[in-house]
Amino acid sequence: MEININDKQREIIKNIINNPSKELTEFKKEIYKIAEKSGIQGAFNTILRTEVVLKIRKPSIAIYDHTFHVIGGGQKYGLTVANALQKDFDITLISNREISIQNILKWYDLDLSNCKIKIIKIPFFEKNLSHIDPGMVSKRIENPFHVISKETGNYDIFINNSMNEMVYPLSNISMIICHFPERRATSYFYADKYSHVIFNSKYTAEWIKKKWKFQPNKHIYPPVDMETSFDKTDKENIILSVARFEISGSKKQMEMVRAFIKLNKKYPEILKNWKLILAGGSQKDNQYLQKIQDFIKSNKATNIEIIINTSANELKSLYNKSKIFWHLCGLDQTDPSLIEHFGMTIVEAMQNKLVPIVFDGGGQREIVEHDISGFRVKSISELIIYSIKLITKQDITKDMSINSYKRSKLFTRETFDIKIKSFFYKILKDYISI
Amino acid sequence: MEKKIKDEIKDIKQEIYNKKKEINDIKELIKEDIDRDFEINLWELSEKELDNEMGNRLSFLNEDIDPRPDKRSISSHRKILGKPIVFVKRLFMKLSNIYTNTILEKQRKFNEELVAFHLASFIRFRKNEEKLKDIEKQIKEIEQNQDIMHEKIESILDKNKNKQ
Numbered sequence: 001m002e003i004n005i006n007d008k009q010r011e012i013i014k015n016i017i018n019n020p021s022k023e024l025t026e027f028k029k030e031i032y033k034i035a036e037k038s039g040i041q042g043a044f045n046t047i048l049r050t051e052v053v054l055k056i057r058k059p060s061i062a063i064y065d066h067t068f069h070v071i072g073g074g075q076k077y078g079l080t081v082a083n084a085l086q087k088d089f090d091i092t093l094i095s096n097r098e099i100s101i102q103n104i105l106k107w108y109d110l111d112l113s114n115c116k117i118k119i120i121k122i123p124f125f126e127k128n129l130s131h132i133d134p135g136m137v138s139k140r141i142e143n144p145f146h147v148i149s150k151e152t153g154n155y156d157i158f159i160n161n162s163m164n165e166m167v168y169p170l171s172n173i174s175m176i177i178c179h180f181p182e183r184r185a186t187s188y189f190y191a192d193k194y195s196h197v198i199f200n201s202k203y204t205a206e207w208i209k210k211k212w213k214f215q216p217n218k219h220i221y222p223p224v225d226m227e228t229s230f231d232k233t234d235k236e237n238i239i240l241s242v243a244r245f246e247i248s249g250s251k252k253q254m255e256m257v258r259a260f261i262k263l264n265k266k267y268p269e270i271l272k273n274w275k276l277i278l279a280g281g282s283q284k285d286n287q288y289l290q291k292i293q294d295f296i297k298s299n300k301a302t303n304i305e306i307i308i309n310t311s312a313n314e315l316k317s318l319y320n321k322s323k324i325f326w327h328l329c330g331l332d333q334t335d336p337s338l339i340e341h342f343g344m345t346i347v348e349a350m351q352n353k354l355v356p357i358v359f360d361g362g363g364q365r366e367i368v369e370h371d372i373s374g375f376r377v378k379s380i381s382e383l384i385i386y387s388i389k390l391i392t393k394q395d396i397t398k399d400m401s402i403n404s405y406k407r408s409k410l411f412t413r414e415t416f417d418i419k420i421k422s423f424f425y426k427i428l429k430d431y432i433s434i
Numbered sequence: 001m002e003k004k005i006k007d008e009i010k011d012i013k014q015e016i017y018n019k020k021k022e023i024n025d026i027k028e029l030i031k032e033d034i035d036r037d038f039e040i041n042l043w044e045l046s047e048k049e050l051d052n053e054m055g056n057r058l059s060f061l062n063e064d065i066d067p068r069p070d071k072r073s074i075s076s077h078r079k080i081l082g083k084p085i086v087f088v089k090r091l092f093m094k095l096s097n098i099y100t101n102t103i104l105e106k107q108r109k110f111n112e113e114l115v116a117f118h119l120a121s122f123i124r125f126r127k128n129e130e131k132l133k134d135i136e137k138q139i140k141e142i143e144q145n146q147d148i149m150h151e152k153i154e155s156i157l158d159k160n161k162n163k164q
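Chains X and D, in that order, give the protein sequences.
Count the first sequence with my numbering and you get residues 1 to 434, in order.
Count the second sequence with my numbering and you get residues 1 to 164, in order.
To be clear, the hints were calculated from the coordinates, so they are not data collected in a lab.
Don't be surprised by glycine CBs; every beta carbon is placed ideally from N, CA and C.
Among these hints, one or two may not hold up.
To be verified - DSS-like mimics (lysine-lysine), calculated; alpha carbons at most 30 Å apart, straight line:
no.	chain 1	residue 1	chain 2	residue 2
1	D	Lys89	D	Lys71
2	X	Lys323	X	Lys235
3	X	Lys389	D	Lys140
4	X	Lys398	X	Lys409
5	X	Lys22	D	Lys13
6	D	Lys27	D	Lys79
7	D	Lys161	X	Lys389
8	X	Lys297	D	Lys133
9	X	Lys321	X	Lys393
10	X	Lys37	D	Lys27
11	X	Lys266	X	Lys393
12	D	Lys21	X	Lys37
13	X	Lys14	D	Lys19
14	D	Lys94	X	Lys139
15	X	Lys14	D	Lys13
16	X	Lys266	D	Lys161
17	X	Lys275	X	Lys300
18	X	Lys139	D	Lys21
19	D	Lys10	X	Lys193
20	D	Lys10	X	Lys118
21	X	Lys409	X	Lys426
Said to hold, decoys possible - From the structure, some residues in chain X lie toward chain D, with a derived Cβ separation under 10 Å:
no.	residue
22	Glu36
23	Ser38
24	Thr50
25	Gly135
26	Asn143
27	Ser149
28	Arg183
29	Ala185
30	Lys210
31	Lys211
Here chain X stands alone, though its shape is the one from the complex:
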């Protein structure tokens, strides 16, 4: 909630430095006038802005994510924003569960030692549920996230990195980073009350428009940094897939296994030295994963390998030695939230010169230019056709690998940092020029 500072108040703030005793009395009077009109929060916001204008302190930013305590691409987005801005802003990370600077460094290679951490417990979720899910909140109960809403009013800028539009922003400047609009505008919906809505892909923007009925205003692709320093030119005959083994099967590993077996049966001579590697995280007792393993066994497909919960270094090595990348998330899917909103692993592969063959939908359309930096497919038969094309025509694969690498430069951490800094410094410039 940005407070409109009128001309008189503007003059007073400017004159404080020259004539402090007179102007400070006037300033206090004006602060109470603002409190009368816009509430005590409005008055507090004016003081916060004055402090920054008079260079009494650095501008403050709070970044909130109710899932900071678990590893994820969305969380990495918010934390990379903190990393880019921590030098010039006083940053506080707000979470509802315990997090540590050490874990952030380990998980994302981001050193946020200049940032503070504030843990705010939400009593409703502490009492009733093990994990914090805004989807459980309806208008039948009091908004449990207001404890966070209240905290937002203590900073110059509040950034909501959660998939949680139930936090009401009280700061002078507010931003919600939308990775995908999971819920529609219903009870306790405040996403339209933020001064800026940042979105991670055009696909997400499309769904914000459809579900929330407004146009978000700032597009910044997520940061991806998987480029390995060791550049392997003689890659091995490996088709790689990197995706979590979701119990629902939404990442379509089973379809990939079937497709690879089919490829082998159809072109045994061409495929005899090729391998499919499916790498990804999985929880314990994953039935979907078990089903895939059983299927591979029953088909005696010895050239399919599954690597679970691999380390970052091992993953880098896999990217480094593979030639082709498959990603089919979204295939045969009708629910838009289950189609890849962006597709970070595709970019990771491209940064390592793999040629991607991906499902033609969601954010994947924004990453891979069909027939230039890879292929986009709508069916398994298309996947087979383009895979054979890449396997048999080395020159095409080589050219596409170069294009794919070039394309990946659009999504690096450096590009992300430049965009974030330029966006925030412009906002800051407006904030301090009264």
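Guided by the hints, dock chain D onto chain X, whose structure is given.
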């Protein structure tokens, strides 16, 4: 900047912060209403969203089966006068219950039946949906097996041709 200015601004800030801390209601903090009602266009919803919507609405209906007034709904924000006002209101409610309960009890039974009926329909719908999904899966598997069979037949035919 002079230390005095900084300190004075700090004092004003602290004064306002203390006042802010005392207020818990966001609406009061900003002197503005924050909650709105949003209409949902059910036709726009995806399968998953419709499923959630049906579940949520059914649970709301279930919570509201009993239309009889609850004495806990009568409360007061007044510090001194609150207690006697609440007492009088609750007394009036108790007296009028003799008449209203006969009507509302009938309504309660009707609501109960209605919710039970909706729940049964919902479960039936779910089961049919699961059956449909199973059938779709089976068809897909048959199609894929058919493709593989087709491939095998083709390769056998090729081998036979070569032999001839």
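Could you work out which earlier hints the structure fails to respect and list their numbers in ascending sequence? none
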